[in-house]
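Chain by chain, the residues:
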Amino acid sequence: MTDSRWLPPIVRTLPTLAALGALSVVLASVARLGFATGLAIGLAGLAVAALLSVAREGQFRSVAPAPLLLSLGTLAASAPLSALAEITAGVAGVTVLAWIANDPFRPPWGVLRGALGWGVPGLAVGLAWVSSFLLPPSAAPVGVAGALLAATVIALAVLFAEPERASGGPASTI
Amino acid sequence: MRGTPAPAAPLRWRARTFLLVGGGLLAIALGVALTQPALLFLGLPLLLAPLGAVVYGAPRRPEATLTWVVDGSGPIVDVEGRIEVAPPARAEDVEVRFARPPALAERSVPRVRREGNAIGFTLAWRADEPTIVPVPAPRVVWSDPAGLLERAVAMEVPSLVVERYPPELSRIGTVRLERTIALPGETRSRRIGATGEFFGIREAAPSEPPRRVNWRASARAGRLLANEFQLDRTGDVLLLLDARPSGQGRANDARLLGLAAAAAAGVADGFLREKARVGVGVFGEFLDAVPLAAGRTQRLRIRRTLLRARLATDAGPPERCAVAVRRQFPPGVTTILFSSLAGDEGEHLITFLRRRGFPVIVVSPSPLPLQRPDALLSAAEEVLVHRMARLVRRDRLARVWQEAPVVDWEDYWSLAGLVDLLRRPGRWGRRAG
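Residue numbers (the working numbering), protein chains in the order written: chain F, 1 to 174; chain A, 175 to 607.
The reader is advised that the hints may include incorrect statements.
As the list claims (entries may be wrong) - Some chain A residues judged to face chain F by a derived CB distance under 7 Å, without partners named: (1) Ala207; (2) Gln210; (3) Ala212; (4) Phe215; (5) Leu218; (6) Leu220; (7) Ala223; (8) Leu225; (9) Val315; (10) Ala320; (11) Ala553; (12) Glu555; (13) Val557; (14) Val559; (15) Ala563.
Claimed, not checked - Derived list of chain A stretches under chain F, where covered just means 3 residues or more per stretch with a C-beta under 8 Å from a C-beta of chain F: (16) 184 to 196; (17) 226 to 232.
As the list claims (entries may be wrong) - Partial chain F-side listing against chain A, Cβ under 10 Å, derived: (18) Ser29; (19) Phe35; (20) Ala55; (21) Leu70; (22) Ala79; (23) Thr88; (24) Phe105; (25) Arg106; (26) Trp109; (27) Gly110; (28) Ala128; (29) Trp129; (30) Ser131.
Honestly, the hints are just simulated from the structure, not real lab data. Heads up, the beta-carbon is just placed ideally off N, CA and C, and yes, glycines get one too.
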């Protein structure tokens, strides 16, 4: 499907692409791979993902996040233990979701309409980061994080088994 | 009162969701294995992405109404449509995917416009040859902004058919057909039309051809007036399609059958417009027949039969076709046989039909324009092969001419030969029986 929008498809994704580029630069600068190598990996993943996202064939568009996740994963895996690297990786994950919502072949402002789609994970990332750095070190936060992770996995399993639970619509009682 | 509504289409996760969740799980697993917290932070939002899609909220039963029309003329096919999305679903969340009939080529990418809670679209296609083909319904799905969840939108789809046939067929109805029986059923023998004996003068319609306008009367009255004529319509015509495989290969045979179906639709349309009775038979292994009748309903019946005409896997014997035609149609009815005559079976069919009393006119879509250059042959050899194929076809048509008149249909956008042949009954060749 193509929209008769006045902006070319790739231009409409530029804000989120720029944010992802900036986050890749930050990750590359702290990664142990070296800045040049890290930057090359980050930008290559970004470029391939951007090109796939504007392909006419739907199957290419659906796998567009894969090269981006690969490059960000590589950079995050080689990052040192630091608060900056962790929050950058978390924000990068949230920005990937915002970039996906900014589909150039759908009506504009998808990133705002789909704010819940990246806002909820963003909130979770923020809480996790704050709790890991601001709370006193003890076994309790580990237990809380483990329980949260287990709950997420269970919720996902239920949703994948029965997507109808996600369905909205009018309330059954007035 | 509306009946029980159909059950809502199920919600489905798209492939992208599995990609994100898989990536998230992999990142978290690697983060734990490598004791790398940055990977955990990268994986967490990806793992939570489906929850975000769920929170967005999918409508239980998204519904929409589709209205669409086919426009354009000749090879140009424009489909204009509008999809009205019913609340609570919103047009921004609805995706439309179009399927193009294989017989048509794309002139430009589909144009989609969003107007309030409606989606307008324009599909620009091109028919490289005459065709009659249904337009597949667009797939309309609701999806969250990130495209992780989807649900098909319930929509009633009015049938839409692209019909493109040679323009000469639009005036084939003026041909006087042979009377099959003395009183051909409900067909009126006299009516007002475009040709025949002068009947009177009426107000001219905006689309009136200039030759039908009575210019003297118009000058006197100060407004456009057109002549009316009283004409006799008494004829019947049978359109018979040979849907048996020949030696041309399935793809070419299917294309030739498609051409024949398009031409048959044009001929039927032209005669039915003039209140003649038209019957159709499609013979593959067996005969699929629409008995002789007139009117709009008959047009729909014929169209439905032509749309479902498919190339047969096994060829039925020609005598079976002649016997079946004799059971369904009265002998003596003007019979237009559409056959590529690529094999000997086509010739035999003409013989058997004539023996059963059907005066046959053959319209033969030529397979020569469908021949593709062979990569193994040089240009000179290619020319030679083409000349030989042309000679073989000419020889075959000459043999068929001994049985029945043949229209060699090589320029697919013109059937002037058929109209000329029908207009001159003296040229019909041998009579049946």
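Now the hints, each set against the structure:
A hinted interface residue such as A/Ala207 counts as satisfied when its beta carbon comes closer than 7 Å to some beta carbon of chain F; here the least separation is about 10 Å, so the hint is violated. Checking A/Gln210 against chain F by beta carbon gives a least distance of about 6 Å; that is within 7 Å, so the hint holds. Evaluation of the A/Ala212 hint against chain F yields a held restraint, the C-beta minimum of about 4 Å falling below 7 Å. At a threshold of 7 Å, the smallest CB-CB gap from A/Phe215 to chain F is about 4 Å, leaving the interface hint in force.
For A/Leu218, the interface hint holds, since its Cβ comes within 7 Å of a Cβ in chain F; the closest pair sits about 6 Å apart. Below 7 Å, beta-carbon pairs count as interface contacts, and A/Leu220 has one with chain F at about 6 Å; its hint therefore holds. Among the interface hints, the one on A/Ala223 holds; its C-beta lies about 5 Å from the nearest C-beta in chain F, closer than the 7 Å criterion. Because the smallest distance between the Cβ of A/Leu225 and any Cβ of chain F comes to about 6 Å, under 7 Å, the interface hint for this residue holds.
Hint status for A/Val315 relative to chain F: violated, with the closest Cβ pair at about 10 Å, above 7 Å. The restraint placing A/Ala320 at the interface with chain F holds, with a minimum CB-CB distance near 4 Å, inside the 7 Å limit. For A/Ala553, the interface hint is violated, the least distance from its beta-carbon to any beta-carbon of chain F being 35 Å, above 7 Å. Look at A/Glu555: its Cβ only gets to about 39 Å from chain F, farther than 7 Å, so that hint breaks.
The restraint placing A/Val557 at the interface with chain F is violated, with a minimum CB-CB distance near 39 Å, outside the 7 Å limit. Taking 7 Å as the C-beta contact cut-off toward chain F, the hint placing A/Val559 at the interface is violated, the least distance being around 37 Å. Nearest Cβ of chain F to the Cβ of A/Ala563: about 38 Å, over the 7 Å cut. The hint is violated. Proximity of the region 184 to 196 of chain A to chain F, defined as three or more residues with a beta carbon under 8 Å from a beta carbon of that chain, is established by the 10 residues found.
For the region 226 to 232 of chain A, the stated coverage by chain F holds: 7 residues have a C-beta nearer than 8 Å to a C-beta of that chain, and at least 3 were required. Checking F/Ser29 against chain A: minimum C-beta separation of about 13 Å lies over 10 Å; hint violated. At about 17 Å, the closest approach between the beta carbon of F/Phe35 and any beta carbon in chain A exceeds 10 Å, and the interface hint on this residue is violated. Here the hint on F/Ala55 is broken, as its CB sits about 13 Å from the closest CB of chain A, past 10 Å.
A least Cβ separation of about 8 Å between F/Leu70 and chain A falls short of the 10 Å threshold, and the interface hint therefore holds. About 4 Å separates the beta-carbon of F/Ala79 from the nearest beta-carbon of chain A, less than 10 Å, and the hint is met. Taken as an interface hint, F/Thr88 checks out: its beta carbon lies about 8 Å from the nearest beta carbon of chain A, inside 10 Å. Satisfaction of the interface hint for F/Phe105 is found here, the shortest Cβ-Cβ separation to chain A being roughly 8 Å, below the 10 Å cut-off.
Annotation: F/Arg106 was flagged as interfacial toward chain A, and the flag holds, the nearest CB pair being 7 Å apart, inside 10 Å. With a cut of 10 Å, the hint placing F/Trp109 at the interface with chain A holds, because the nearest CB-to-CB distance is about 8 Å. For F/Gly110, the interface hint holds, the least distance from its beta-carbon to any beta-carbon of chain A being 4 Å, beneath 10 Å. Below 10 Å, beta-carbon pairs count as interface contacts, and F/Ala128 has one with chain A at about 6 Å; its hint therefore holds.
The closest approach between the C-beta of F/Trp129 and any C-beta of chain A is roughly 7 Å, which is under the 10 Å cut-off, so the hint is satisfied. Hint status for F/Ser131: violated, given a least beta-carbon distance of 12 Å to chain A, over 10 Å.
Of the hints listed earlier, those the structure fails to meet are numbers 1, 9, 11, 12, 13, 14, 15, 18, 19, 20 and 30, in rising order.
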